[in-house]
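> Sequence:
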Amino acid sequence: MELASSIIGVFPCLWDGSATQVNYLRKLKKNLKSLRTSLDKLKELKDDVKKRVDDAEENPIMKRTRVVGGWLQRVESLELEVAEILQEGTQQLEACTVLTGCFCCCCLKNCCTGYKLGKLVVQKLASVEELRNEGVFSDVVDRSNSVLVQEIPTNQVVGMDSQLDEIWRLVTQEDQIRIIGLYGMGGVGKTTLLKKLNNEFLKKNRHDFDLVVWVVVSKDLNLQKVQKDIADSVGLSWSGDQRDLNRGAKEIFNVLSKKKFVLLLDDIWQRVDLLSLGIPPLHTSSSTQGVTKSKVVFTTRSEFVCGLMEADKKIRVECLNWDQAWSLFQNKVGKEALNSHPKVPKLAELVAKECRGLPLALITIGRTMATKKTPQEWEHAITVLTRSASDFSGMGDEVLPILKFSYDNLQNDKFKSCFLYCSLYPEDYKIGKEELIDLWIGEGFLTEFDDIEEARNDGHYVIGCLLGACLLESVDDIIREPAGVKMHDVIRDLAIWVASDYGRKKERQVFGK
Numbered sequence: 001m002e003l004a005s006s007i008i009g010v011f012p013c014l015w016d017g018s019a020t021q022v023n024y025l026r027k028l029k030k031n032l033k034s035l036r037t038s039l040d041k042l043k044e045l046k047d048d049v050k051k052r053v054d055d056a057e058e059n060p061i062m063k064r065t066r067v068v069g070g071w072l073q074r075v076e077s078l079e080l081e082v083a084e085i086l087q088e089g090t091q092q093l094e095a096c097t098v099l100t101g102c103f104c105c106c107c108l109k110n111c112c113t114g115y116k117l118g119k120l121v122v123q124k125l126a127s128v129e130e131l132r133n134e135g136v137f138s139d140v141v142d143r144s145n146s147v148l149v150q151e152i153p154t155n156q157v158v159g160m161d162s163q164l165d166e167i168w169r170l171v172t173q174e175d176q177i178r179i180i181g182l183y184g185m186g187g188v189g190k191t192t193l194l195k196k197l198n199n200e201f202l203k204k205n206r207h208d209f210d211l212v213v214w215v216v217v218s219k220d221l222n223l224q225k226v227q228k229d230i231a232d233s234v235g236l237s238w239s240g241d242q243r244d245l246n247r248g249a250k251e252i253f254n255v256l257s258k259k260k261f262v263l264l265l266d267d268i269w270q271r272v273d274l275l276s277l278g279i280p281p282l283h284t285s286s287s288t289q290g291v292t293k294s295k296v297v298f299t300t301r302s303e304f305v306c307g308l309m310e311a312d313k314k315i316r317v318e319c320l321n322w323d324q325a326w327s328l329f330q331n332k333v334g335k336e337a338l339n340s341h342p343k344v345p346k347l348a349e350l351v352a353k354e355c356r357g358l359p360l361a362l363i364t365i366g367r368t369m370a371t372k373k374t375p376q377e378w379e380h381a382i383t384v385l386t387r388s389a390s391d392f393s394g395m396g397d398e399v400l401p402i403l404k405f406s407y408d409n410l411q412n413d414k415f416k417s418c419f420l421y422c423s424l425y426p427e428d429y430k431i432g433k434e435e436l437i438d439l440w441i442g443e444g445f446l447t448e449f450d451d452i453e454e455a456r457n458d459g460h461y462v463i464g465c466l467l468g469a470c471l472l473e474s475v476d477d478i479i480r481e482p483a484g485v486k487m488h489d490v491i492r493d494l495a496i497w498v499a500s501d502y503g504r505k506k507e508r509q510v511f512g513k
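Read in UniProt numbering, the sequence shown has 484 at position 484, and its numbers run on one by one without any break.
What the hints contain is simulated information worked out from the structure, not anything from laboratory work. Just so it is clear, the structure is predicted and the values come from calculations on it, not from any experiment. Possibly wrong hints are sitting among the right ones.
[Unchecked claim] Simulated restraints, written as ranges between beta carbons of each label pair:
1) Glu166 to Arg387: 33 to 43 Å
2) Asp220 to Arg387: 28 to 38 Å
3) Asn331 to Leu164: 33 to 43 Å
4) Glu174 to Lys259: 17 to 27 Å
5) Asp323 to Gly69: 51 to 61 Å
6) Glu130 to Asp229: 38 to 48 Å
[Stated by the list, open to error] The calculated lysine-lysine pairs, modelled on DSS-like cross-linking and capped at a C-alpha distance of 25 Å, are:
7) Lys27 to Lys41
8) Lys332 to Lys346
9) Lys204 to Lys258
10) Lys30 to Lys116
11) Lys404 to Lys219
12) Lys346 to Lys204
13) Lys260 to Lys314
14) Lys204 to Lys313
15) Lys430 to Lys486
16) Lys353 to Lys343
17) Lys33 to Lys43
18) Lys353 to Lys430
19) Lys204 to Lys219
20) Lys260 to Lys313
Ideal Cβ positions, reconstructed from N, Cα and C, are used throughout, including at glycine.
Given these sequences and hints, build the entire structure.
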């Protein structure tokens, strides 16, 4: 008994109620080897899991599961701990070998240290084995809980909140509305409205979409470019710019068919075959009734294009009312110029009214006038805008060329001649449809038909096309059969500018205002 007490006194670290604890010392070398082998296998498993995660997360819609993420973190943490233990164990064994010629660390000097190390090795070996058993995953990723959307910078705007709210409601709440067309004249703010819709998905969480895709289509449609932009947005890695359209469509379809997405297409001028791009059909499935489906929202200058795109809802983006227009104009001019002279504010209102609520004109002219601080400069601006708007700074090289795309997109010379003829009428003049058609016939614009009624029907068709292109406006807001039409003042300036050979001729053809 005294001998046992003496041993316990000398080796208290060995006595914890079980003689088998001596194995911590006796099997230290073997356990260190097992720990190193098990750790290597855990590292291999971690590398395999991480590669699966990285490959899956190339699709930005997918995100590693919390279980997998936590497991990877625990493995990395345990790796560091075990590496230190293995290093310490190797050093202990080497020290014992030098001192005693054995590998068991049972020498009096290293006994307690070896016992603690041996016990820790066994514990870490169990931890490594546990993580190896946990590291068998059937699924390593899941779709992200938050919508994937790229914020798009936008200028400060006014007067769009109510229309934006309506579009947001249609996108997020109306199941049967799948394709929405926003149309209106050039420079009215369609693109800005679409950008704000895109950014709303970053601000609001009350929706169930996984992905928002933004693509600029533009006048010269390039399906391969549009397809590549979509592929980039959904996380498909394509090398080079060229790719077979059918192959690309299949890859995009495989991604989007499993997701709820919103596709935003800006600046469409003709029908875009969505299916050829890989966009899944936006049909309602009987098994998912009551769930908001994927949506497409696009902008165009033509109501006709809305029809070609089979839009379930067409929304005309109108010019700003006076209060909104004046607010935007003041913002662009700035307080310094507006407060420079008592007469300037009233003159500024007259300049702003020449824009007739068109945001593009308000912004361009407002910026031009931001440095004008004398009444004479503002009066001069009114004179130029009234007599020949294309001569005003920014109008002939910024505003009118943008609007001219709508003119260029008219079907043929007949439509262009009929459009230009409307600029002969004064500003804000209500043009009777029948009167206008008879004048067109008299000018020889509608000469394809021998029968006068057929010619008049053709005239009505031309008016409908000009209305659809937002180059004419209906009067009295009677959409189906307007009593008359008129030209927006800035569109009239466009027509005069085009008729005068884009302002390059010194002697202009005079159109009365």
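> Confirm or reject each hint.
Status of each hint after checking the structure:
Range check, Glu166 to Arg387: about 40 Å between beta-carbon atoms, so the 33 to 43 Å window is met. Judged by the Cβ atoms, the range 28 to 38 Å given for Asp220 and Arg387 holds: they are separated by roughly 35 Å. Against the hinted window of 33 to 43 Å, the Cβ-Cβ separation of Asn331 and Leu164 comes to about 18 Å, which falls outside the hint. Checked against the given bound of 17 to 27 Å, the beta carbons of Glu174 and Lys259, roughly 19 Å apart, stay inside it.
The hinted range of 51 to 61 Å is satisfied by Asp323 and Gly69, whose Cβ atoms lie roughly 52 Å apart. The hinted window of 38 to 48 Å between Glu130 and Asp229 holds, with their beta carbons roughly 47 Å apart. Restraint check: the Cα-Cα separation between Lys27 and Lys41 comes to about 21 Å, which is no more than 25 Å; the hinted pair holds. For the hint pairing Lys332 with Lys346, the CA-to-CA distance comes to about 16 Å; that is within 25 Å, so the pair holds.
For the hint linking Lys204 to Lys258, the alpha-carbon distance of about 22 Å falls within 25 Å, and the restraint holds. Between Lys30 and Lys116 the CA atoms are separated by roughly 16 Å; this keeps the pair inside 25 Å, and the hint holds. Restraint check for Lys404 and Lys219: satisfied, since their Cα atoms lie roughly 12 Å apart, inside the 25 Å limit. For the given pair, Lys346 sits about 41 Å from Lys204 by alpha-carbon distance, which is inconsistent with the 25 Å threshold.
For the given pair, Lys260 sits about 22 Å from Lys314 by alpha-carbon distance, which is consistent with the 25 Å threshold. For the given pair, Lys204 sits about 23 Å from Lys313 by alpha-carbon distance, which is consistent with the 25 Å threshold. Pair hint Lys430 plus Lys486 holds up; C-alpha atoms about 5 Å apart against a cutoff of 25 Å. Note on Lys353 and Lys343: the hinted pairing holds, with a Cα-Cα distance of about 16 Å set against a maximum of 25 Å.
A threshold of 25 Å between alpha carbons decides the hint, and for Lys33 with Lys43 the separation of about 15 Å falls inside it, so the pair holds. Of the supplied pair hints, the one linking Lys353 and Lys430 holds, its CA atoms being roughly 19 Å apart against a limit of 25 Å. Of the pairs offered as hints, the one joining Lys204 and Lys219 is violated, with about 32 Å between alpha carbons and a cut-off of 25 Å exceeded. For the given pair, Lys260 sits about 19 Å from Lys313 by alpha-carbon distance, which is consistent with the 25 Å threshold.
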